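Given the coordinates of chain V, assemble chain Y onto it according to the supplied hints.
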Amino acid sequence: AQSVTQPDIHITVSEGASLELRCNYSYGATPYLFWYVQSPGQGLQLLLKYFSGDTLVQGIKGFEAEFKRSQSSFNLRKPSVHWSDAAEYFCAVGSPSSNTGKLIFGQGTTLQVKP
Amino acid sequence: DVKVTQSSRYLVKRTGEKVFLECVQDMDHENMFWYRQDPGLGLRLIYFSYDVKMKEKGDIPEGYSVSREKKERFSLILESASTNQTSMYLCASSPPGRRTYSPLHFGNGTRLTVT
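Sequences listed follow chains V and Y, in order.
Counting from 1, position 97 in the first sequence corresponds to residue 97 in my numbering; the numbering is continuous, with no gaps.
Counting from 1, position 52 in the second sequence corresponds to residue 52 in my numbering; the numbering is continuous, with no gaps.
Accuracy of the hints is not assured; some may be wrong.
No more than 30 Å apart at the CA atoms, straight line, and that leaves these computed lysine-lysine pairs for DSBU-like [claimed, not checked]:
{"id": "1", "chain 1": "Y", "residue 1": "71", "chain 2": "Y", "residue 2": "57"}
{"id": "2", "chain 1": "Y", "residue 1": "71", "chain 2": "V", "residue 2": "49"}
{"id": "3", "chain 1": "Y", "residue 1": "13", "chain 2": "Y", "residue 2": "3"}
{"id": "4", "chain 1": "Y", "residue 1": "55", "chain 2": "V", "residue 2": "49"}
{"id": "5", "chain 1": "V", "residue 1": "49", "chain 2": "Y", "residue 2": "57"}
{"id": "6", "chain 1": "V", "residue 1": "49", "chain 2": "V", "residue 2": "61"}
{"id": "7", "chain 1": "Y", "residue 1": "70", "chain 2": "Y", "residue 2": "13"}
{"id": "8", "chain 1": "V", "residue 1": "49", "chain 2": "Y", "residue 2": "3"}
{"id": "9", "chain 1": "Y", "residue 1": "55", "chain 2": "Y", "residue 2": "3"}
{"id": "10", "chain 1": "Y", "residue 1": "3", "chain 2": "V", "residue 2": "61"}
{"id": "11", "chain 1": "Y", "residue 1": "13", "chain 2": "Y", "residue 2": "53"}
{"id": "12", "chain 1": "Y", "residue 1": "13", "chain 2": "Y", "residue 2": "71"}
{"id": "13", "chain 1": "Y", "residue 1": "3", "chain 2": "Y", "residue 2": "18"}
{"id": "14", "chain 1": "Y", "residue 1": "71", "chain 2": "Y", "residue 2": "53"}
It is worth saying that the hints were derived from the structure and are not from the lab.
Computed from a predicted model, the values in this text were never measured in an experiment.
One chain only, chain V, in its complex shape (with noise of 0.2 Å):
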């Protein structure tokens, strides 16, 4: 069965720090992948998305994300976090071979930044 995994609850940084989120998914092949951030009071907004391709794939706000088929994973990155990037983020999973788009979640980073 899929499953995604991201081990890191809650992380803080401050601002202009660096950041990587991790996520590890589980599935039988190459899933689809998908970043998710949710602002406090807010639904979710897709930051990025891999198919397939170019395993480094860049996203809104500034992030990038790094697809690593060895490891199983797919780190959320940037470089020089804002005080606005604070918010959780959720990593997700889908099939390729779905035509309903359903996606499986991970537990979410809340990430909170430091001035």
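Okay, now just chain Y, sitting in the frame of chain V:
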């Protein structure tokens, strides 16, 4: 721009009440989803629908039912609300996923408290 609207931002209901959570999307999407979000558990899929009058159980359907009489509207029903159904409920929609696997578009959520 894509819009998914959940009718209530906050709801407080009593144990045993029948509760309706409404969701409307304006993108003519085929797929609609109800997720439940709890701290430390991420988003868990309750039900989804890939067409009018069609529905499928997600990972945690017990205690819930759904209705989709029109393409744009997907309702989540708690037949007899219980305190363990206190949670944030997120509705999402997407077009058919086989060719494009378009990302989910989320509403802002309904925070339900059952007392």
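Compare the structure with the hints numbered earlier in the document and write down the numbers of the violated ones, lowest to highest.
Going through the list in order, the structure violates no hint and respects every one.
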